[in-house]
Structure formats: structure tokens, C-alpha cells
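**Student:** So the chains spell out like this:
Number of protein chains: 2
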Amino acid sequence: MSELFKQLEGVPLGTVKPSSEILDSIAWNEAGLIPVIAQQAESLEVLMMAWMNREALEETLRTGRVCYWSRSRGKLWRKGESSGQVQRLKAAYLDCDGDTLLLNVEQTGPACHSGRRSCFYVALGKDEATVISDPLIDPAILYAKR
Amino acid sequence: MSELFKQLEGVPLGTVKPSSEILDSIAWNEAGLIPVIAQQAESLEVLMMAWMNREALEETLRTGRVCYWSRSRGKLWRKGESSGQVQRLKAAYLDCDGDTLLLNVEQTGPACHSGRRSCFYVALGKDEATVISDPLIDPAILYAKR
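Protein sequence lines correspond, in order, to chains A and B. Going by the working numbering, the first sequence opens with residue 1, and the numbers climb by one from there. Going by the working numbering, the second sequence opens with residue 1, and the numbers climb by one from there.
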């Protein structure tokens, strides 16, 4: 853990630091990424988990529109650029060791590429796993050329 | 994405598969791990993000007590084994491509090693970052020899 995050453990509530200093101390992984959890504002439903590099995080904080790093495509991914289902940033939080980000977002429609509201739709028990939600929109429509 | 998770995108709500088959299809990373989000049951507050290997996940599903894989210590980490702040599993969900797990848990006291309820206590804005919570318990007490 960086010295800065170690130091923040003990500071008073309300302590403020420049964001640039915080970003310098984030524990980016070997690919320069951190995992990002997106949670719907108000309902607090967890919608998805994706990844950001520093450029994606800076753009997200600057524009208020959530931008991830697509590991499969190897480029910035402005959520909703092909589906229209954008995420607006309400708040962002780093965890205690600066290696995970939690976003409060306003998600338009489905967050999941399958057309479901949330990506977490396979309930996993000891013996059985169950599909617990249906698509809101057929993905063939979601990703049709517009 | 595995064939199984691809197939689950299109199956009817309520479709059931054996958990062993699902676990065989999880997209474990190069270290054999997946990221795990822990969310407090009912309040839906996101408490922490950690990692599991297959052994940790199987133990968690079998016992109902959440067990992670500690990357820093290189061993199974039964949450609360040194702090007493255990997590009881209420439900587990895999995401659409089988590479992230979301847990609903009942967390006793703080989830964070700093003594705070949640690990996500650094609110990150465009220009400034702010510490937004105080420890519930002094970590010196939390980790004192018992």
C-alpha cells in the first residue's frame, strides 16, 4: 500500500487532498488498470464490474460520463457508445489501499451486454446455480446499427 | 467468455445448472483468482473488494462463512480470523462473463482493516479527494491479541 493511503487511515474525517496526488498513489496493476464497481445511485444495486486506466478515470471525473478501459478491445470504452446505455457519474470512492474504485452512477436502461439491468444474474449456491433475471431489451435491438 | 456463460445469456429465467459446472467455467485469472465484491445484505452498502480462488469459493459456499484468498499472505483468509469481524454469506452472484463475484453478506462490525465499516472511504472528485468516514473501532483494539 502507498504511503499516502497508509496515512489516510489515521486522518480526521473531512481531510482533503488534491485528486492528482491521490491518482499518483493508486495501485494500478501490472496492466495499468484498477477494477471498478458500478452501483446504481439510490437503489444501490451493483450493476457491473469493469476496469479503468488513469486516462479513463481522469476523463470520467472531468466529464461526468463513465469511461472504462476495454481489456478485450484494448481501448477506452465510453459506456453506452454502441448500446446507447450511458452511465452518468454521481460519486466515486477509492478503497483503503487505493486499488479498487466504487462508482455511484445513473445507468440508463440495462448495464449488461445481455440486455439485463445488472451483470450479476447467475445466483450461485452450494449445489445449484440459477438464472435470476431476464433481459429488459433484446441485445439484438440494443446493438443494432442506429 | 466460456461457452456456458455465453449460453446462459439466452436461457429462460429460473434455468438451473449444477454449481460444479459453473465453477468449471469461471474465468479465473492467471493467478487462479476472481475479484469478489462484498455488499451488506439489506443496506446494500458495498463493504470491500477482495479475491477468491476456487478453494476459497467452495469453502464459502459450503460453510456460509466468507473465505477469501489473501494475495499478500498467499493463503486462505477466513474473514475475521484475526479481527473477529466475520462475514456470513446470504447470497452469491456471478456476472455475465463469469469473471466477477458479488456477495451479499452479513458483516459483523467493520469490514475494513482501518476499523471503518466500508473500505470505500476516500471520495474522489475532479479536483479534490475527501475522507468521508471514521473508524468504528480503533484498529489497535481490533487486531489486539485476544
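Treat the hints with care, as some may be off.
Pairs count within a copy or across copies, as identical chains cannot be separated in the list.
[Said to hold, decoys possible] Computed cross-link-like contacts, PhoX-like style, restricted to lysine-lysine with a CA-CA straight-line distance of at most 25 Å:
{"id": "1", "residue 1": "LYS6", "residue 2": "LYS126"}
{"id": "2", "residue 1": "LYS75", "residue 2": "LYS17"}
{"id": "3", "residue 1": "LYS75", "residue 2": "LYS126"}
Just so you know, these hints were derived from the structure itself, not from any lab. Predicted model only: the values in this text are computed from it and were never measured.
**Student:** All hints are to be evaluated individually against the structure, with a verdict given for each.
**Tutor:** Each hint tested on the structure:
When the C-alpha separation of LYS6 and LYS126 is checked against a cutoff of 25 Å, the pair qualifies only between copies, where the shortest distance is 22 Å, while the shortest distance within a copy is 37 Å. With identical chains, the CA atoms of LYS75 and LYS17 are never at most 25 Å apart, being 30 Å at best within one copy and 34 Å at best between copies. Only between protomers do LYS75 and LYS126 lie at most 25 Å apart by alpha-carbon distance; the minimum there is 22 Å, versus 37 Å within a single protomer.
Comparing the model with each numbered hint stated earlier shows that hint 2 is the single one that does not hold.
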